[in-house]
Structure formats: structure tokens, C-alpha cells
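We have chain A already, so just place chain B on it with the hints.
Just so you know, the protein sequences line up as chains A and B, in that order. Position 316, counted from 1, in the first sequence is what the numbering used here calls 316; the numbers after and before it change by one each time, with no gaps. Position 18, counted from 1, in the second sequence is what the numbering used here calls 18; the numbers after and before it change by one each time, with no gaps.
Simulated from the structure, these hints should not be mistaken for laboratory data. Some hints here could point you the wrong way.
With a straight-line Cα cutoff of 25 Å, these simulated DMTMM-like cross-link-like pairs (lysine to aspartate or glutamate) come out [stated by the list, open to error]:
| # | chain 1 | residue 1 | chain 2 | residue 2 |
| --- | --- | --- | --- | --- |
| 1 | A | K132 | A | D418 |
| 2 | A | K257 | A | E297 |
| 3 | A | K357 | B | E33 |
| 4 | A | K381 | B | E60 |
| 5 | A | K132 | B | E24 |
| 6 | A | K265 | A | D275 |
| 7 | B | K3 | B | E26 |
| 8 | B | K27 | A | E354 |
| 9 | A | K132 | A | D32 |
| 10 | A | K304 | B | D40 |
| 11 | B | K3 | A | E354 |
| 12 | A | K338 | B | E7 |
| 13 | A | K131 | A | D418 |
| 14 | A | K304 | B | E33 |
| 15 | A | K338 | B | D86 |
| 16 | B | K11 | A | D339 |
| 17 | B | K11 | A | D418 |
| 18 | A | K102 | A | D42 |
| 19 | A | K357 | B | D8 |
| 20 | A | K132 | A | D42 |
| 21 | A | K304 | A | E396 |
| 22 | B | K11 | A | E355 |
| 23 | B | K3 | B | E33 |
| 24 | A | K381 | B | E44 |
| 25 | A | K304 | B | D48 |
| 26 | A | K265 | B | D40 |
| 27 | A | K131 | A | E414 |
| 28 | A | K265 | B | E44 |
| 29 | A | K102 | A | D229 |
| 30 | B | K11 | A | D373 |
| 31 | A | K304 | A | D373 |
| 32 | B | K3 | A | D373 |
| 33 | A | K265 | A | E297 |
The following label-pair restraints were derived from C-beta to C-beta distances [said to hold, decoys possible]:
| # | chain 1 | residue 1 | chain 2 | residue 2 | range |
| --- | --- | --- | --- | --- | --- |
| 34 | B | G37 | A | A77 | 40 to 48 Å |
| 35 | B | E60 | A | R279 | 40 to 48 Å |
| 36 | B | L15 | A | G30 | 44 to 52 Å |
| 37 | B | G30 | A | A249 | 55 to 63 Å |
| 38 | A | S60 | B | L15 | 49 to 57 Å |
| 39 | A | D275 | B | G30 | 32 to 40 Å |
| 40 | B | D40 | A | E396 | 26 to 34 Å |
The C-beta atom is built at its ideal place from N, Cα and C for all residues, glycine as well.
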Amino acid sequence: MTATDLAAAIRGRKLSAREAVTQALGRIEGQDGQIGAFLTVDREGALAAADALDRGGDFSGPLAGVPVAVKDNICVAGQTCTCASKMLQHYRPPYSAHVVDKLRSAGAVVIGKTNLDEFAMGSSTENSALKKTVNPRDTNRVPGGSSGGSAAAVAAGFVSLSLGSDTGGSIRQPASYCGVVGMKPTYGVVSRYGLVAFGSSLDQIGPFAATAADAALLLEAIAGPDKRDSTCLPQMLSGLTGLGQKLAAQTVPEAAKGLRIGLPKEYFATDGLDDSVRRAVMAAVETLCSAGAQIKEVSLPLSKYAVPVYYIIATAEASSNLARFDGAHYGHSAGEAKDIVALFSQSREQGFGEEVKRRIMLGTYVLSAGYYDAYYLKALKVRRRIADDFARAFEEVDVIASPVAPTAAFRFGEKSGDPLAMYLSDIYTISANLAGIPGISVPCGQDGAGMPVGLQLMGPRASDGQLLEVARAWELLNG
Amino acid sequence: MSKITAEDVRKIALLSRLQLGEAEVEKFAGQLESILGYVDTLAEVNVDNIEPFISAAAGENVFRDDVPGQTLLREEALQNAPRQGDGFFQVPAVV
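So here's chain A without its partners, still in its complex pose:
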């Protein structure tokens, strides 16, 4: 059942909040043993919240009684926030993220925390130090990452809504791999307060759902200004207000009429792009054209530098953000350290997994004396040029369409031997984080092996509403 329908059923008293939550718990308890989407399920807290809602009788919140899963790098006070790391395995934050407060004011019930690549570093969820999550569509394949648990939770039907975070594609890519809708909003639309920071100029929290209308419903609930995050836009995006309801009620693909769709020639010329993925994406674009959209070839000439720019900036920011994990304030602490430097160095060696250490070291290197100008400062300037490429393209087109990833979901272990191969699979998603623009992945077909393939749509900053409208138009055309 979609979140839209579930919320309506609860509001219309056809279903109590307790029943909705109990049913979700039943699905999770029955089948998550095979999928591994959840790290923790808050059975008691979720039922208590549902009961309070049923007792109070106020179902005016747009998500009243709807169970939502939250990626385990987003803090919920009193519950563990592990970041799928041994470093924070037992850590209980004393505060909740802004998005969690917003979810609860909308009446949603936070039902559990989902698995991820450790500290959101990875593209398959294989880097989780705590658990393995499989792709519900083929349990021999990865769900994608880093928000693999949140994507799988929706794809498996455990919940209709979940939250992920996206720094280089970590919502859009697992959405594509699992066959659900996933969106990274414009940077600044959703507060990062309470999101454990990885790359602060890149990170955004965003929705997973089975439909564009549900994704809009969730995004509207969590978006908006927050004084505790100084990078938040000062105003709520007006295009999101009431959008979920509006899209759910639409029966005609209005957003496709007159839509100018840009296809970046550099993206379709890449070697590693699987033919069946290319075909599925092009077929979706052509279907939008049949309803009145037009294609235009655009050029994003610096595309090939996006991955190196990202892996300098994201790792530099991560090396700074993860410096707080020192064995002294919270998290894992080494016993018997002979001095304070040993306390820090041993705690971090023991608490962090391999990918995390690799990225911290890369980040430290590119920021260090003698290398800062050639790497970090240079990357920031190339980033500006990449953002300018998009701004120029958006003078000619309304949205840019592309694949989300060069392939569909791969098998476990296929890419984990070569870090660089894993990084290169982020090629289509990374630029949106660098430029601060929104991007959405919508299911658009299958690859040669029958695995889901996502269509990515990107737009200018603040065009989040329009992207959701186009996603809805695509859904209507796709039947």
C-alpha cells in the first residue's frame, strides 16, 4: 500500500495507527531475516507512538500513523546510531535529527534504523561492519549503497517510506538497484542537523518510496529551514507544498508537455555503460517525448573530472568530520593506551573499517602541507567549473536525463577488491552533489539479467518540485 493510501486509510479510521505499525512489524519480523535491511527495530517505541496517536485522535498530520524507516546515520535520541561501524556500535545520541522531529510532527512513526555502508562510505552496503543487506530482487546481488538498507526496506515492502542520505549518489544508486524511487534534494532544502557528517558540502538527506507522489509527501514533511543548520535555505521550497497530494491525484502526464530534456553527450559515450541500461534509459526518455517532451543534446565538458574532484573533496571533508571519533568522548575506546595519542590512534584503528581508514588517509593527504594547493584547492576550482557546466546546460533545457549507474546491481564481492572500480561506478550521480543540484532516480525498466534500472533526472537548484512532477508523468506513461 502506498504511504498516500495508508495515511488516508488511517485518517479515515479504516485502520488504526496500531494496526498499521503492527502489520509493518509483522512483515519485518517475518522476512527481514532474509534481507537484512534493518539494524534495529524499535517495536516498543513504535507501538507506543501508534497507541498515543490512536488515543489522542488527531490524525491531521500528513503522515499520521505511517511507519518510516531511517538510515542509521541519522540520530534518533535514545536509540543507537551506529553508522554501521564498530566505532559507534553502542552509541546512543542525546538528541534527534531535525528530520526526525519533522517526521514526528507530521505524525509518522519511526519504526527502525536501516543498514548502510560504514559512515556512508561505499556504493554497495558491503562496507557495513555490522550486517549484510541483500537486494530484495536478487539476494545474490547488492542493494547498492550507501543507503542500501533504506532502499531494500521499501523495495521489500516492509515500509512504504524511508530516509537515506546522499553524498555522491547514496540514495539514487540504491534506488536504481532496488527498483524504487529515491531522491537527493537541492543542497540546503533538508537540514543536516543530526545527520552524522561525512562530506558536509555534499551530504543531503532524502526520501525513498515506491512512487513519486509518496516521495513528494515525505520530502515535504522533512524539508524546510532549520536554524541549527546554517547551510539550510532560509525558505521552504514553495513547489513542494501539497505536492504529494497533487501528484497522487494526477491522471495525465502534464509535466511532459513542452519539457526540454537534455542528454549529456559525455554521459552516453562512456565505455563502461551497459547496453541494456542505455536502452532502458533512452526508451524512458522517448516515452516522455511521446507525451510532448523534447530532447536536446547538451555538453558537460568536465564530466570526466567529476569522480577525481569528488574523491578529493569528499575525503578531505571526511578526514575532518571523522576526527571527532577519538575514543575519548563517545564511541569505541581502546583500553590500556599509554598516552593520549595512543588512545586516539588505537581507538580509531580498532573502531574504523578499511574503507573508512582509506578515505581518512586520502583526505588527510590532499589537505596536508605541500599538497593542499595541487589537490584540494585545485579540486574546489574544478568543482566550480563543473557547477558552471550545469548552469549553462540549464539555460537550454529544463531537466537533464541520464543513467543512474553504468550497470544494474552487481553480485557480492564483484567490485570490493578494487576501490577505484567501486568509485568509478559513481560517475553519473556525483556531479549533482558537487553542483548542489537535485537529482531523482525513478525505475525505468530492467537490464539484460532482469534487474531494475533507474532513470536519473537532474534539475537546477530549487527545481525539486519539477523533478517530482516529471517523475510522476513518467509513472503515468509507464502504466
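Structure of chain B alone, referenced to chain A:
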């Protein structure tokens, strides 16, 4: 092309406060060298007169009034402390 030696890795590990084992040092040297070799392609990009892109946010400082607000209580801040005493985090002596 940047060559990364084991000695380089040990220096970076010290800066990063990571006590790596010897086998890790060797492995990371190879991997970091390979990744840095890849990012070295940025050398070919012309960035004359280009301003660094620090953040997509407005680019203005956001201020609040200088009045005390709600803060984390001491007990809350110490809740997850591995070692504490007298209301402080405890660490090995620095002096």
C-alpha cells in the same frame, strides 16, 4: 605521478591518528598511489580566474543573536563517555 611509499603512509597515518599495522601500511601504499594517480588527471584542467566552490549554500555567514539558548546538559554530554570522573571526560595524562 605521485609515488606513495610506506614511509608516506606512516606519516599520513600519524596525522590521521590511525595506528596501522605493517601489512596495512603496505596495502594502503599501493591503493593510495593508484587512487592518487587517477586524481592526478586534474592537473590538465585550466582553472585560471576560477573561484573555489566551497559550498552551494548562500555564501553568506548566518548569524544568530548572542544570547544563551538551550544547551546539552552535562549528564547528556557525558552519557556515552568511555571514561569519566567529576563531571569530566577522562583521558591519559597529557602533561
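Hints, verified against the model:
A C-alpha spacing of about 19 Å is found between K132 (chain A) and D418 (chain A), which places the hinted pair at or below 25 Å, so the restraint holds. Distance check on the hinted pair: K257 (chain A) and E297 (chain A) sit about 18 Å apart at the alpha-carbon level, within 25 Å; holds. At roughly 15 Å between alpha-carbon atoms, K357 (chain A) and E33 (chain B) fall within 25 Å of each other, so this suggested pair holds. Between the alpha carbons of K381 (chain A) and E60 (chain B) the distance comes to roughly 19 Å, so the proposed pair stays at or under 25 Å and holds.
Between K132 (chain A) and E24 (chain B) the alpha-carbon distance is near 24 Å, which keeps this suggested pair within the 25 Å criterion. As the CA atoms of K265 (chain A) and D275 (chain A) are separated by approximately 15 Å, the hinted pair is consistent with the 25 Å bound. Between K3 (chain B) and E26 (chain B) the CA atoms are separated by roughly 13 Å; this keeps the pair inside 25 Å, and the hint holds. This hinted pair checks out: K27 (chain B) and E354 (chain A) have alpha carbons roughly 11 Å apart, not beyond 25 Å.
The hinted pair formed by K132 (chain A) and D32 (chain A) meets the criterion: a straight-line CA distance of about 11 Å does not exceed 25 Å. About 12 Å separates the Cα atoms of K304 (chain A) and D40 (chain B), which keeps this hinted pair within 25 Å; it holds. Simply put, K3 (chain B) and E354 (chain A) have alpha-carbon atoms about 21 Å apart, close enough for the 25 Å limit, and the pair holds. Taking the CA atoms of K338 (chain A) and E7 (chain B), the gap is about 24 Å. The hint holds against a cut of 25 Å.
The hinted pair formed by K131 (chain A) and D418 (chain A) meets the criterion: a straight-line CA distance of about 21 Å does not exceed 25 Å. Between the alpha carbons of K304 (chain A) and E33 (chain B) the distance comes to roughly 20 Å, so the proposed pair stays at or under 25 Å and holds. For a cut-off of 25 Å, the pair hint linking K338 (chain A) to D86 (chain B) stands: about 22 Å separates their Cα positions. A distance of roughly 19 Å separates the Cα atoms of K11 (chain B) and D339 (chain A); the hinted pair therefore holds under the 25 Å criterion.
About 24 Å separates the Cα atoms of K11 (chain B) and D418 (chain A), which keeps this hinted pair within 25 Å; it holds. Among the hinted pairs, K102 (chain A) with D42 (chain A) is consistent with the structure: their alpha-carbon atoms are about 18 Å apart, no more than 25 Å. Distance check on the hinted pair: K357 (chain A) and D8 (chain B) sit about 15 Å apart at the alpha-carbon level, within 25 Å; holds. Taken as a hint, the K132 (chain A) and D42 (chain A) pair is honoured in the structure, with Cα atoms around 19 Å apart against an allowance of 25 Å.
For the hint pairing K304 (chain A) with E396 (chain A), the CA-to-CA distance comes to about 21 Å; that is within 25 Å, so the pair holds. A distance of roughly 19 Å separates the Cα atoms of K11 (chain B) and E355 (chain A); the hinted pair therefore holds under the 25 Å criterion. Of the supplied pair hints, the one linking K3 (chain B) and E33 (chain B) holds, its CA atoms being roughly 6 Å apart against a limit of 25 Å. For the given pair, K381 (chain A) sits about 13 Å from E44 (chain B) by alpha-carbon distance, which is consistent with the 25 Å threshold.
A threshold of 25 Å between alpha carbons decides the hint, and for K304 (chain A) with D48 (chain B) the separation of about 19 Å falls inside it, so the pair holds. With a C-alpha separation of about 24 Å, the suggested pairing of K265 (chain A) with D40 (chain B) holds against the 25 Å cut-off. Simply put, K131 (chain A) and E414 (chain A) have alpha-carbon atoms about 18 Å apart, close enough for the 25 Å limit, and the pair holds. Taken as a hint, the K265 (chain A) and E44 (chain B) pair is honoured in the structure, with Cα atoms around 21 Å apart against an allowance of 25 Å.
For the hint pairing K102 (chain A) with D229 (chain A), the CA-to-CA distance comes to about 14 Å; that is within 25 Å, so the pair holds. Between K11 (chain B) and D373 (chain A) the CA atoms are separated by roughly 19 Å; this keeps the pair inside 25 Å, and the hint holds. Between the alpha carbons of K304 (chain A) and D373 (chain A) the distance comes to roughly 21 Å, so the proposed pair stays at or under 25 Å and holds. Proximity of K3 (chain B) to D373 (chain A) is assessed by CA-CA distance (about 18 Å); at most 25 Å being required, the pair is judged to hold.
Restraint check for K265 (chain A) and E297 (chain A): satisfied, since their Cα atoms lie roughly 6 Å apart, inside the 25 Å limit. A hinted range of 40 to 48 Å for the beta carbons of G37 (chain B) and A77 (chain A) is consistent with their spacing of about 45 Å. At about 46 Å, the CB distance of E60 (chain B) to R279 (chain A) agrees with the hint of 40 to 48 Å. The supplied range of 44 to 52 Å is met by L15 (chain B) and G30 (chain A), whose beta-carbon atoms lie about 49 Å from each other.
Judged by the Cβ atoms, the range 55 to 63 Å given for G30 (chain B) and A249 (chain A) holds: they are separated by roughly 57 Å. S60 (chain A) and L15 (chain B) have their C-beta atoms about 53 Å apart, which keeps the hinted 49 to 57 Å range intact. In this structure the hint that D275 (chain A) and G30 (chain B) lie 32 to 40 Å apart at CB holds, the actual value being about 33 Å. For D40 (chain B) and E396 (chain A), the Cβ-Cβ distance of about 33 Å falls inside the hinted range of 26 to 34 Å, so the restraint holds.
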